[in-house]
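Just so you know, the sequences run in chain order A and B. Each step along the first sequence adds one to the number in the numbering used here, with nothing skipped, and position 84 is 84. Positions in the second sequence are counted from 1; adding 1000 to them yields the numbering used here.
Simulated from the structure, these hints should not be mistaken for lab results. Keep in mind it's a predicted model, so treat the numbers as computed, not measured. Among the hints, erroneous ones may be present.
As the list claims (entries may be wrong) - Covered stretches of chain B (in silico footprint by chain A; criterion: 3 or more residues with CB under 8 Å from a CB of chain A, positions within the stretch not fixed):
id : segment
1  : 1076-1085
2  : 1151-1162
What the hints assert, rightly or not - Below, a list of computed lysine-lysine pairs in the DSSO-like style, where the Cα atoms sit at most 27 Å apart:
id : chain 1 : residue 1 : chain 2 : residue 2
3  : A       : Lys70     : A       : Lys18
4  : B       : Lys1146   : B       : Lys1074
5  : B       : Lys1074   : B       : Lys1027
6  : A       : Lys18     : B       : Lys1130
7  : B       : Lys1146   : B       : Lys1130
8  : B       : Lys1027   : B       : Lys1130
9  : B       : Lys1220   : B       : Lys1130
10 : B       : Lys1210   : A       : Lys70
11 : A       : Lys70     : B       : Lys1146
Said to hold, decoys possible - Computed beta-carbon distance windows for the label pairs:
id : chain 1 : residue 1 : chain 2 : residue 2 : range
12 : B       : Gly1163   : A       : Leu134    : 44 to 50 Å
13 : B       : Lys1074   : A       : Arg75     : 25 to 31 Å
14 : B       : Ala1145   : A       : Ala118    : 51 to 57 Å
15 : A       : Arg75     : B       : Gln1233   : 52 to 58 Å
Glycine included, each C-beta is placed from N, C-alpha and C at the ideal position.
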Amino acid sequence: MKPEFSLRSSQVIARSLKITRTTHSLVASITAAVALNSMVAIQYLGLSGQAALLVAVFVSLGVGSLAVSKDVYSRSIQTVANLRSIGATTGSISSALASAMIVYGMVGAVIGVAAGGAMGFALGGSVSGGASILSEAIGVIAVSSGAIAAGFYIGARTTWRS
Amino acid sequence: MAQLGVYQRPAQAVDHERFAIVVNHVKKSYGPDGESEIYSDLHFQLLRGTFVAMVGPIGSGKTTLVNMFAGLEKPTAGTITVQGEEITRMDPDSLAAFRARMIGLVPQVQTLIPELTVYENVELPLRFAKVGGDMRRRMVEQVMAKVGIRGESGRIVGSMSVGERQMVSFARALANDPPILLLDEPTEALDPLMSEVILGLLRGDNMIEKRTIFVTTHDKRVTAIARRTLRVQRKIP
Chain A
1 MKPEFSLRSS QVIARSLKIT RTTHSLVASI TAAVALNSMV AIQYLGLSGQ
51 AALLVAVFVS LGVGSLAVSK DVYSRSIQTV ANLRSIGATT GSISSALASA
101 MIVYGMVGAV IGVAAGGAMG FALGGSVSGG ASILSEAIGV IAVSSGAIAA
151 GFYIGARTTW RS
Chain B
1001 MAQLGVYQRP AQAVDHERFA IVVNHVKKSY GPDGESEIYS DLHFQLLRGT
1051 FVAMVGPIGS GKTTLVNMFA GLEKPTAGTI TVQGEEITRM DPDSLAAFRA
1101 RMIGLVPQVQ TLIPELTVYE NVELPLRFAK VGGDMRRRMV EQVMAKVGIR
1151 GESGRIVGSM SVGERQMVSF ARALANDPPI LLLDEPTEAL DPLMSEVILG
1201 LLRGDNMIEK RTIFVTTHDK RVTAIARRTL RVQRKIP
């Protein structure tokens, strides 16, 4: 995905579409919960189990984000039209929305990974397959935030084209 | 007619370099079978740098014409060329990008974003036109000073009066210094003082910046400062 906007621009567009702090908190909380559970589970799974888990995380967060972006569109249809009347393209709005969400998705994922990693150790889990805890953590963060961004981008592109 | 900026030349004789807007045998109708016809064969050209007002009864299609010039509505038949580019053939995203560069629009229904500040609203078209940070800041400050709303930059638009919002809308339309300015009933909801400010700005802008201005209105003060007035005679049944 080619970013068309700075973070500041993304935040302005997100506010225009009534994406409030509540929405950001919700995105961060969901990603944190998913990342926490993934980090705990990953310490008890083999390599194929880990791969399957990451795919499941990607698909579920992507589908969830897609549904949310369609909901945002239905609530903000007039605002989208207003933005288009002053030169906004579908790509500019969807990129802005996705990049605004990826920040909060990543914040949530980092919190979830830290909490999940600690919890896994506390429960007696171990890092499997010789991979370091750092690479496991980076994998979960990347998958979670990437899925959020992809879901919002694809949702916005497909719904907001006309 | 010619010296006042509106022509009715045959399509093949039109020099697009000279004209801001070329309306070529446009037909516009609504309804599934096109039963509500607004324009049957509209054909004229607006010279670059002219100031044209359009008057006519409510429901006569003035807003439809502004929307078609801005590419927000497509004609049922015929073509519209703006600044040498045929907008009737463009896809929605190309049209949006074209609008960001070429057209300043002050619609009848205000389209400002109420959640954003005055500064952010004025800045939006420049962000969409991908104008860089320093240049963008300079352009926004310049246009806000021009319109006289510099002191209001931090206010949330949702908390402003109709008249104040209209000034912001006007500033936003001018922000990217477009060659064409389209205004739909710009003084309709304003008190006399605000209207005078807008009229002064329009007059000065057309004279100094040589911007093409097309405005729909019922206000005789607007037609008085326009170089040409088009009248739509009939009301749509």
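Hints and how they fare:
1. 1076-1085: Contact hint for the segment 1076-1085 of chain B vs chain A: violated, 0 residues under 8 Å.
2. 1151-1162: n = 0 at 8 Å, threshold three: violated.
3. Lys70(A) with Lys18(A): holds, 13 Å
4. Lys1146(B) with Lys1074(B): violated, 33 Å
5. Lys1074(B) with Lys1027(B): With Cα atoms ~10 Å apart, Lys1074(B) and Lys1027(B) stay inside 27 Å; holds.
6. Lys18(A) with Lys1130(B): holds, 22 Å
7. Lys1146(B) with Lys1130(B): OK: Lys1146(B) and Lys1130(B) at ~22 Å, within 27 Å.
8. Lys1027(B) with Lys1130(B): Given pair Lys1027(B), Lys1130(B) is violated - Cα atoms ~35 Å apart, limit 27 Å.
9. Lys1220(B) with Lys1130(B): violated, 38 Å
10. Lys1210(B) with Lys70(A): violated, 43 Å
11. Lys70(A) with Lys1146(B): Given that 27 Å is the threshold and the Cα spacing comes to 40 Å, the pair is violated.
12. Gly1163(B) with Leu134(A): 44 to 50 Å: Violated, since Gly1163(B) and Leu134(A) (Cβ atoms, about 59 Å apart) do not stay within the stated range.
13. Lys1074(B) with Arg75(A): 25 to 31 Å: holds, 27 Å
14. Ala1145(B) with Ala118(A): 51 to 57 Å: holds, 55 Å
15. Arg75(A) with Gln1233(B): 52 to 58 Å: With a Cβ separation near 42 Å, Arg75(A) and Gln1233(B) fall outside 52 to 58 Å, so the hint is violated.
When held up to the earlier numbered hints, the structure conflicts with 1, 2, 4, 8, 9, 10, 11, 12 and 15 and fits the remainder.
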